[in-house]
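Once you've looked at the hints, go ahead and assemble the two chains, each given alone in its own frame, into the complex.
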Amino acid sequence: MKFRAKIVDAACLNHFTRVSAMIAKLAKTCTLRISPEKLNFVLSDRAASAGENFFSEFQMEGISAENNAIYLDLTAENLSRALKTAQNARALKIKLTNKHFPCLTVSIELLSVSSSSRVVTHDIPVKVIPRKLWKDLQEPTIPDSDVSIYLPALKTMKSIVEKMKNISNHLIMEANLSGELNLKIETELVCVTTHFKDLGNPPPASEDASQERPPEQMAEVHIDIRKLLQFLAGQQVNPTRAVCNLVSNKIIHFDLLHEDVSLQYFIPALS
Amino acid sequence: MKCLVTGGNVKVLGKAVHSLSRIGDELYLEPLEDGLSLRTVNSSRSAYACFLFAPLFFQQYQATTSGQEALRCKILMKSFLAVFRSLATVEKTVEKCCISLNGRSSRLVVQLHCKYDSTVKAMVTEMSIGEEDFQQLQAQEGVAITFCLKEFRGLLSFAESANLSLSVHFDAPGRTCHLPRPAIFAVKDSLLDGHFVLATLSESDLHSPAMCSPELHRLAPPLQAHSTPHLDDFASDDIDSYMIAMETTADSEGSRAVPSIPLSPGLRPPCSPGPFSEDHEAEPSTEPGTPPPKKFRSLFFGSILAPVHSPPGPSPVLAEDSEGEG
Numbered sequence: 001m002k003f004r005a006k007i008v009d010a011a012c013l014n015h016f017t018r019v020s021a022m023i024a025k026l027a028k029t030c031t032l033r034i035s036p037e038k039l040n041f042v043l044s045d046r047a048a049s050a051g052e053n054f055f056s057e058f059q060m061e062g063i064s065a066e067n068n069a070i071y072l073d074l075t076a077e078n079l080s081r082a083l084k085t086a087q088n089a090r091a092l093k094i095k096l097t098n099k100h101f102p103c104l105t106v107s108i109e110l111l112s113v114s115s116s117s118r119v120v121t122h123d124i125p126v127k128v129i130p131r132k133l134w135k136d137l138q139e140p141t142i143p144d145s146d147v148s149i150y151l152p153a154l155k156t157m158k159s160i161v162e163k164m165k166n167i168s169n170h171l172i173m174e175a176n177l178s179g180e181l182n183l184k185i186e187t188e189l190v191c192v193t194t195h196f197k198d199l200g201n202p203p204p205a206s207e208d209a210s211q212e213r214p215p216e217q218m219a220e221v222h223i224d225i226r227k228l229l230q231f232l233a234g235q236q237v238n239p240t241r242a243v244c245n246l247v248s249n250k251i252i253h254f255d256l257l258h259e260d261v262s263l264q265y266f267i268p269a270l271s
Numbered sequence: 001m002k003c004l005v006t007g008g009n010v011k012v013l014g015k016a017v018h019s020l021s022r023i024g025d026e027l028y029l030e031p032l033e034d035g036l037s038l039r040t041v042n043s044s045r046s047a048y049a050c051f052l053f054a055p056l057f058f059q060q061y062q063a064t065t066s067g068q069e070a071l072r073c074k075i076l077m078k079s080f081l082a083v084f085r086s087l088a089t090v091e092k093t094v095e096k097c098c099i100s101l102n103g104r105s106s107r108l109v110v111q112l113h114c115k116y117d118s119t120v121k122a123m124v125t126e127m128s129i130g131e132e133d134f135q136q137l138q139a140q141e142g143v144a145i146t147f148c149l150k151e152f153r154g155l156l157s158f159a160e161s162a163n164l165s166l167s168v169h170f171d172a173p174g175r176t177c178h179l180p181r182p183a184i185f186a187v188k189d190s191l192l193d194g195h196f197v198l199a200t201l202s203e204s205d206l207h208s209p210a211m212c213s214p215e216l217h218r219l220a221p222p223l224q225a226h227s228t229p230h231l232d233d234f235a236s237d238d239i240d241s242y243m244i245a246m247e248t249t250a251d252s253e254g255s256r257a258v259p260s261i262p263l264s265p266g267l268r269p270p271c272s273p274g275p276f277s278e279d280h281e282a283e284p285s286t287e288p289g290t291p292p293p294k295k296f297r298s299l300f301f302g303s304i305l306a307p308v309h310s311p312p313g314p315s316p317v318l319a320e321d322s323e324g325e326g
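Residue numbers (my numbering), protein chains in the order written: chain E, 1 to 271; chain A, 1 to 326.
If you're looking for bench data, these hints aren't it; they were derived computationally from the structure. Take the hints with a grain of salt, since some may be wrong.
[Unchecked claim] Taking CB as the label site, the calculated pair distances span:
#1 E/ILE142 x A/SER157: 53 to 59 Å
#2 A/LYS115 x E/ASN98: 20 to 26 Å
#3 A/SER19 x E/GLN217: 32 to 38 Å
#4 E/LEU257 x A/SER157: 34 to 40 Å
#5 E/ARG213 x A/THR93: 49 to 55 Å
#6 A/GLU95 x E/ASN98: 39 to 45 Å
#7 A/SER37 x E/ASN169: 58 to 64 Å
#8 E/LEU133 x A/THR65: 43 to 49 Å
[Unchecked claim] Which chain E residues stay away from chain A? Per the calculated CB distances, all over 10 Å, these:
#9 GLU57
#10 ASN78
#11 VAL119
#12 VAL120
#13 PRO125
#14 ASN166
#15 GLY179
#16 PRO203
#17 ARG226
#18 SER262
C-beta: ideal position from N, C-alpha, C; glycine also.
Extracted from the complex, chain A is given alone in its bound form (with noise of 0.2 Å):
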């Protein structure tokens, strides 16, 4: 089966998986000679919702591909749901939607085609600051990290209105692994202190093909884990994994200015605390352009080992309180 739905349609399309959605978990999706139908029942069984578009709905129709007799098929409500999940973006950037059942290989793909408008990319701005504007400064030159400007303003206003210094730390991929280090960025006081720790880009993430318009916001990678079998432990809880990370980076390698945090009861040792290499597993962005959510993990947890040859120590880059900046 082949279909390809274009311009207001889409929404509509969206619309009524929306709509379906509120009734069933399955979606029960066969092309017909008279059209796609999309069915689905409630788990009592006391409802039913079925939608049939007929080809005329589709710029083109194909209910079965010559040879092949027809395929039907059923899937999760909240994958194909997915898809339409923002009706507001799938309208405004979507141009047209390409589904298709193959099955030989069983699987339904839903394809998106958007569209860009070529003025409004974004703005990009820069600043530099010098050497005397630092209450302290120790860099290599040269290095260059890319975060969340977002996730960053929080710990920024807070600095302004505390009137406190804001240290940063941050270092480049080290040589036993390409994975990038986290920026902490800090403030503190006698009464208070204050971390924030932010995953950062590495320099293959920047020149995908997804950072062609860079949005700083869009390159968070996802924190939230993907449930897999056996880190299902660390899944759920990603404050503690961070607690993990401070409080071995703040005992295995002194020379890093973090101080130590406790971890909180009953939170259990990593169970795979092997070197970044043993981590690492095939698993696929979730999103483009952000790393792979169990490689961030790794990140973290390879820490726990001293690596046999150590990276440079962080870079401590102090920046005076920000009153009177814009």
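So here's chain E without its partners, still in its complex pose (with noise of 0.2 Å):
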């Protein structure tokens, strides 16, 4: 089993330190899935994606010919530290290790001040998943949805769904063809409705998915509202582009692109 990969380019860097952050605020722990074309984090059910356009060289050999690919446990925030120290430095390097256990080593070349090179080591501490478990790991499959719309700026949404939480811990997302979305909560004593309008949908995926929906019918999905907040919370930029598609009464698949990496996440419908 091995992985060695290499980022020169400081945008990379920039990025892949940025993934890394976002992950260390949506999760205690992540999985790094290893494979041939690319990097991804997994976090329990969501999933987000860093190719392999981040690194100028990458190597890697699964643990074997018909599994080639490595799954690793390590605590984000470690990841995140780690590549903090990596602002303006001339390379990063991330191979798998063993120093005394599995470590993910992440050596990072600065420029002092006398313009020599200096290098720093983080060794990351990482469990290697078995095989067995990596069916519960595998990149999700996107259900097809019944709306698609666009995301309204995910502060304001982030603010409300704050204020929400304080009196049920229930919420109704609903949304339809006509660029309209509703958060709803309905309690005993009171029910709150949040209207957006106007957020426009992106153009469907057929043809004839459009053409058999009415635009004013709304799809509704039950969630939790602690994991709405939580990947709300998660998101410290405001993504490049951001797609909510809902699949009536079943989950709420929110689909995400921050310049190039895509994150996409998952609540299922309460029960």
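This is how it looks when you write it as structure tokens:
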């Protein structure tokens, strides 16, 4: 089992650092899925991908030829903290090592004041995930959604959802193909709804899907408000593109694009 | 008496002790047939509290061991509470708690068995600074010191903001003593100077079982003394202990780059100025992996007398100011 990769481009390094920081905000532990073409960060019920286009060099060898991938568990904050020291670095190298226990060794080459190189090495302990647990960590299949809609400003959503959380743990998200999205909470004493209008809908995947559905008809999903809040809280920067796909009474799928990093986030409906 | 508390009940027990501690300073512990009773009464005898934990509360409960009559004891609430001091930590890390009462040795033993998550080991970071990055470097090859990073960062951020060079003086344990010498960090300009003296760990401390997953902030030895009878004079005033050390090291060994600091008025001279070997008393460490507090104080006092074979002078290592570094 081998893995080594290198980043020399400052912009790529910045991206990687930001993705790692975002992951660290979303979850305590994350899984790294290393496959021949790319590196993915996987969180228990959501996934983010960092493409291989970050790395100028990328070499890996999975546990076997048929199972050519490596799955590693690590504390997200460790990677994020290590990468923070890589600001203005000349180069960053990551490789899988074994120093008393399996580690992801991050080697950062910094330019020092005397213009010689200084190397900072971080050994991040990781746990190699056995083959039999891999099925839970596969890239999720994106289901056909009933409604696809562009999200409003995530910050706005976050402050609204934060207030709603004080009233109820149960939130209803509904949207239609006319660019309308509602966030609703209902309790015995009070109902609160926030309406977002004119959001716009992304072009449909196929012609038939859009023609069948009446534009005003809402698709709704009941979810645990805390999961939504956790997702919104993890977004530090406004994404380039943010789409919400709803499958009535089943699942909400958030599809975010931060420049060239895509983040998929799934919130299942409450049963 | 022997009993075992597991799972969520450990926290319940801890919470009960916390609530009892609000009432009295002494805890009466009595194993009965129908359970373990924990009782307390306040000093003015106006409040009484009792918790009875039924045998089912425990995974194992044995009120009396065969042949022994029922025991009961009274202990300092503070001592028992110390075991359950941080409920959050107890909840997270303690798997089981074993309490046993031994009549013959008059001891109550509380054992906490903790679980460790193997993935949550500390991240290890290493950085090497080349010779050309120092304003001045004079160090023996292969010397290594371990000190508390958290405490050092205070001076580091000050030096950075004040744009001052930082100097480090450290020493390998000398031939006359096997105790680690402190590291001295200093900043200086025409208007001010600052010194941070940090204890260091010796090699043997580093290799003790507790050091398997080192986290520097845990390695800092407790500088507050145990209050022991004849060293009570110094137990309460560690700042002054440092000042004695600074003052006397400057006087006795001029090669050290530590300037003298005036002693605060009213400070009594040390009453046991023997060299290190005489000051060794068998006092166990308060925490694993930390030098025993008593010995640590001896470290400073021992330097008052110039050792018979002077250890090599300190190795000043001057680091450039940290401007521009992450």
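Hints versus structure:
| no. | hint | result |
| --- | --- | --- |
| 1 | E/ILE142 x A/SER157: 53 to 59 Å | 47 Å, violated |
| 2 | A/LYS115 x E/ASN98: 20 to 26 Å | 24 Å, holds |
| 3 | A/SER19 x E/GLN217: 32 to 38 Å | 57 Å, violated |
| 4 | E/LEU257 x A/SER157: 34 to 40 Å | 38 Å, holds |
| 5 | E/ARG213 x A/THR93: 49 to 55 Å | 53 Å, holds |
| 6 | A/GLU95 x E/ASN98: 39 to 45 Å | 29 Å, violated |
| 7 | A/SER37 x E/ASN169: 58 to 64 Å | 40 Å, violated |
| 8 | E/LEU133 x A/THR65: 43 to 49 Å | 46 Å, holds |
| 9 | GLU57 | 22 Å, holds |
| 10 | ASN78 | 4 Å, violated |
| 11 | VAL119 | 6 Å, violated |
| 12 | VAL120 | 4 Å, violated |
| 13 | PRO125 | 4 Å, violated |
| 14 | ASN166 | 24 Å, holds |
| 15 | GLY179 | 44 Å, holds |
| 16 | PRO203 | 43 Å, holds |
| 17 | ARG226 | 20 Å, holds |
| 18 | SER262 | 27 Å, holds |
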